[in-house]
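Listed below are the residues making up each chain.
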Amino acid sequence: MFEDKILLWKFKCGSRDAFRLIYDKYAGDLLNLAANLLADKNQAEDVVQDVFISFVESIEKFRLTGSLKGYLATCIANRSRDYMRKKKREQIAAENRSGRTTPGVKNPLQSAINSEELLKLSHALTELPYEQRETLVLHLHGGMRFRQIAGMQNVSIKTVQSRYRYGLEKLRSALNGEVKKWDQRKILKIR
Amino acid sequence: MGPAENIENKIKKLRYETNAEAHRKILDNVIQAIDKREEQKTGTTAPDIWRTIMKNPIIKLAVAAAIIILVYAGISQISGNGANVYAGIVEQLANARTMTYSILTRTPVESMPTLRLEMAFKEPGHIRTTTADGYINIIDWTQNRGISIWPPERQYIDFESINTEHDPAKNSFLVVEELRTLPSRADEVLGEKEIDGRVLQGFRVAKNDMVNTVWIDPQTDQLVRVEIKYTNAPGMNTIMTDFQFDVELDDSLFSLTPPADYTRMEVQADASTLTEQDLIEYLRMWSTWTKDTTFPPTFNPLELPKITAEMIKQGKFGEGDTSEQDHSSEAMGMYRGIMFVTQLPAESNWRYAGENVQFGDAAAPVFWYKPAGSRTYRVIYGDLTVKDVAPENLPE
Numbered sequence: 001m002f003e004d005k006i007l008l009w010k011f012k013c014g015s016r017d018a019f020r021l022i023y024d025k026y027a028g029d030l031l032n033l034a035a036n037l038l039a040d041k042n043q044a045e046d047v048v049q050d051v052f053i054s055f056v057e058s059i060e061k062f063r064l065t066g067s068l069k070g071y072l073a074t075c076i077a078n079r080s081r082d083y084m085r086k087k088k089r090e091q092i093a094a095e096n097r098s099g100r101t102t103p104g105v106k107n108p109l110q111s112a113i114n115s116e117e118l119l120k121l122s123h124a125l126t127e128l129p130y131e132q133r134e135t136l137v138l139h140l141h142g143g144m145r146f147r148q149i150a151g152m153q154n155v156s157i158k159t160v161q162s163r164y165r166y167g168l169e170k171l172r173s174a175l176n177g178e179v180k181k182w183d184q185r186k187i188l189k190i191r
Numbered sequence: 001m002g003p004a005e006n007i008e009n010k011i012k013k014l015r016y017e018t019n020a021e022a023h024r025k026i027l028d029n030v031i032q033a034i035d036k037r038e039e040q041k042t043g044t045t046a047p048d049i050w051r052t053i054m055k056n057p058i059i060k061l062a063v064a065a066a067i068i069i070l071v072y073a074g075i076s077q078i079s080g081n082g083a084n085v086y087a088g089i090v091e092q093l094a095n096a097r098t099m100t101y102s103i104l105t106r107t108p109v110e111s112m113p114t115l116r117l118e119m120a121f122k123e124p125g126h127i128r129t130t131t132a133d134g135y136i137n138i139i140d141w142t143q144n145r146g147i148s149i150w151p152p153e154r155q156y157i158d159f160e161s162i163n164t165e166h167d168p169a170k171n172s173f174l175v176v177e178e179l180r181t182l183p184s185r186a187d188e189v190l191g192e193k194e195i196d197g198r199v200l201q202g203f204r205v206a207k208n209d210m211v212n213t214v215w216i217d218p219q220t221d222q223l224v225r226v227e228i229k230y231t232n233a234p235g236m237n238t239i240m241t242d243f244q245f246d247v248e249l250d251d252s253l254f255s256l257t258p259p260a261d262y263t264r265m266e267v268q269a270d271a272s273t274l275t276e277q278d279l280i281e282y283l284r285m286w287s288t289w290t291k292d293t294t295f296p297p298t299f300n301p302l303e304l305p306k307i308t309a310e311m312i313k314q315g316k317f318g319e320g321d322t323s324e325q326d327h328s329s330e331a332m333g334m335y336r337g338i339m340f341v342t343q344l345p346a347e348s349n350w351r352y353a354g355e356n357v358q359f360g361d362a363a364a365p366v367f368w369y370k371p372a373g374s375r376t377y378r379v380i381y382g383d384l385t386v387k388d389v390a391p392e393n394l395p396e
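Order-wise, the sequence lines are chains A and B.
Using the numbering used here, read the first sequence as starting at 1 and increasing by one per residue.
Using the numbering used here, read the second sequence as starting at 1 and increasing by one per residue.
Extracted from the complex, chain B is given alone in its bound form (with noise of 0.2 Å):
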């Protein structure tokens, strides 16, 4: 330790490392006192006080004048000022046990076009996402499993995936735990502007790496739209509209279980063991398919099943003759590639630059992204070769 080093860093490494012993002690302890709480919990029968309240028409008065009272606190809070409208917002979205809205997502990049979703969410944890064509995804985040239905070709995947990297970016669930996060104060109110014949009022707050704008129609106070640009991403955008809150949403919405008479290709990815060979692997498979021997023209998961039936339609495939066990294999490897890439944090930078790009073509880069800890970023080509490149020799 140098002299010049600074008392805030020499304070940092007051570390008492404590033995295990003591650890497992603490846990013993608490997980007693769970053990405690679970008896009590099952041994007695906790007395029904709202039906005893209830009953007595007394108190049954004053329970209601009470509520009264706190409904009338609460309005006349939202209407005193724009910040409280904002802050009545947040609350609803932190307290909502479900959620329905649209969703416009534009990139710059033009191999990838808008993407347009409807989002329904439900407490804990489940998510169920349908684009304008009918694919439907269905998340059960409490579980880590999920289906994705694509009724025109009557088929669709179970999957599991285990330590799954949590990233807002790649995450729909994120993306709606983020929305419901909001922080309770605004960094910027922006005022009144017209959008869509409607006059609204906007707010502007930032986290982590996302810029929200949320705009509220002063008249009724309900949130209208929100729309959030992404530091990460220079270019894109999403904009969420439709808001509905608390509205009955029926479990057979988020149910896993596919429906009847659709073929079934169920994958399993283990996030930790997946490396950038499976999405080499990928791109190889995909150039065989291909009459062209070109790679995919998206990395859109979402994106990728209709641009891949608009293919078969246009003959872009091959005939194929692979047997059903190939078949299984290939929906694994292609599901192991996208996986890969879906995992990697935002951090990575990652970017796909392989449409209309030929198998083989040595000077074409078709992907790259920076791997954690590292400086340079490595750089897949046309020929699946891999080369490690400084971030100013990137391909632009």
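Bound-form chain A, shown alone (with noise of 0.2 Å):
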């Protein structure tokens, strides 16, 4: 915290170079949080450049009182639920026009994990609903607590925790089915 702190000092005495160390050295998790949480790459990389420029934005007025990772992160989700929102909301339109339901559009993710299994799992997560997956990644990737999460999503520690509880047996379950159609079928294959 420390070191952001004279990072954010130095910011607003207007290094550039301050600058680009808080990016390198958040960026990447960001990006990965983002990515986790929208599924979609080129939105991610859309949400954190947004994220950072609403924070140069309003630098001036910014005071780091937790760790700056937390509250990078905490912006990450919050635009990333107004985006899925907004998605949700013309998929909706979308249907109602067409008056049939939009076909499941592959993950661009997915073709950047290398693992079968994982490229499951990635697959398994973005069916979850939004807010169970929110609830995994923000705790598993974001570092976040149950309380903090509560706090953001607006509901209690219990709901937080029933949606983790929910995400992770339903995500098992996802695997455990593909595992037993997978060893359904290399039965048949040896017999």
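In case anyone wonders, no lab produced these hints; they're calculated from the structure.
These figures come from a predicted structure and were not determined experimentally.
The C-beta atom is built at its ideal place from N, Cα and C for all residues, glycine as well.
There's no promise every hint is true.
[Said to hold, decoys possible] A few chain A residues that face chain B, going by a derived Cβ cut-off under 8 Å, partial list only: (1) 21; (2) 36; (3) 52.
[Said to hold, decoys possible] Footprint (simulated), chain B over chain A, 3 or more residues, beta carbon under 8 Å: (4) 40 to 50; (5) 119 to 133.
Using the hints, put the two standalone chains together into the complex.
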């Protein structure tokens, strides 16, 4: 936190290098967080860019009270949620117009994952209700505590814990289901 | 990835690496936004809203009323219950532009006497500490520069430290920062207790490796005392008293310009290049200065000048016959050796036991620490050999 405070101070004094250091320090993790929340690499990049632009535009009034990483991660989560809401509204509008549901779009992020099992997990994660995915991703990738997530989602800690538990259970059963199907196929092949 | 692997760990492995091109694009766009903001700032003059408001008598009255309401609401909240009193103090600490207080630090180590300091802090990162006998340390953490002034000897040391480990246990600024960022809710309300003739209300809050007990005067809602215990250093405690907030502290108090007529020793240490060998060289050097070839009595950089002065008075050092150049190189060696120790993180569990140990005593451990990621400790003995020692075999 000390280092961040000094970097912020230098940045407020006009140092671009200080901002670059802040960016280099956190942009990778923030992109990863946004990508996991949105399941869309391009959109994740836009969200991260928007968050950093808002951050630099409000730097004069900004006062660091906790960790800078936590603050930026919260901004990413809020913007990602806004984006998902907008996307859902657009999707519903499109379905209403066409009278049919939008077919599942292949997650462009999944091409970046080599492991087959992780690929399945990534797919299963995108299938979760957004609140559950957000809870899992913020806790496991953003390092946020349930209390923080509860504050952000405006729900009780118990609700967050339930979302987390249900999310994990669904992922577990989704992966197990896949494994079972594979095993059956393998058995058939051997026969 | 085994089937038994926890699903949470698998999720953590879902990392989407972005290429350098994407990062560069984002960074360029953000830098452009900064440029635009700078242009707007210099191109237009912001209207002085406050002046406009205060010129209008009706708005002025409305503003005054709003301030009174806000102040009154604030006071009511603070006097409402104990938790709010504590929250008010936390806010005061966080918002203070300047702060002064006294510090008393006790350690269970016999060779490290109780340390009394007067601390002055000024935003954004200026620290001035003064020991009871006048030894002054001024650090500007915004520049990573500092000056140590030793009035009895009319000497000072300029120092600049690059890549210094930011460890709260070693860094005075971080201790202030820890205090200024206490959680707004206490873990435990301790109730009232009489301390130094005053009935105070106590709140306990744990933060990182420190357990803070905050004592507030319920009559005045003023912070009176903070006691800190360190979970990483059992037996060590710090007591802070005589708090004053937002008093006028002249910039000259934090000036890095040395007093006139003082002699100077300038040193610089890049912490990234400091090694165990720097410490060994320092120990070797010191043992050549003392008549009985013993090692330094302490490693506390604030106490060391005082103790050294005392040792000089007692005639414990040899005559010395060093050139100006040697003197400068020794000062640098000494600084690097001390810096190696001060930049060690708390997890290294370093311990100094060199007091009264003579150079050459191969059986006497002088210093030990655990390097990052190591399971064993590095132990430096009196003959300045080093061995890797398992934790269970460390000296008691």
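Hints that the structure is at odds with (numbers, increasing): The structure conflicts with hint 1 only, although it agrees with all the remaining ones.
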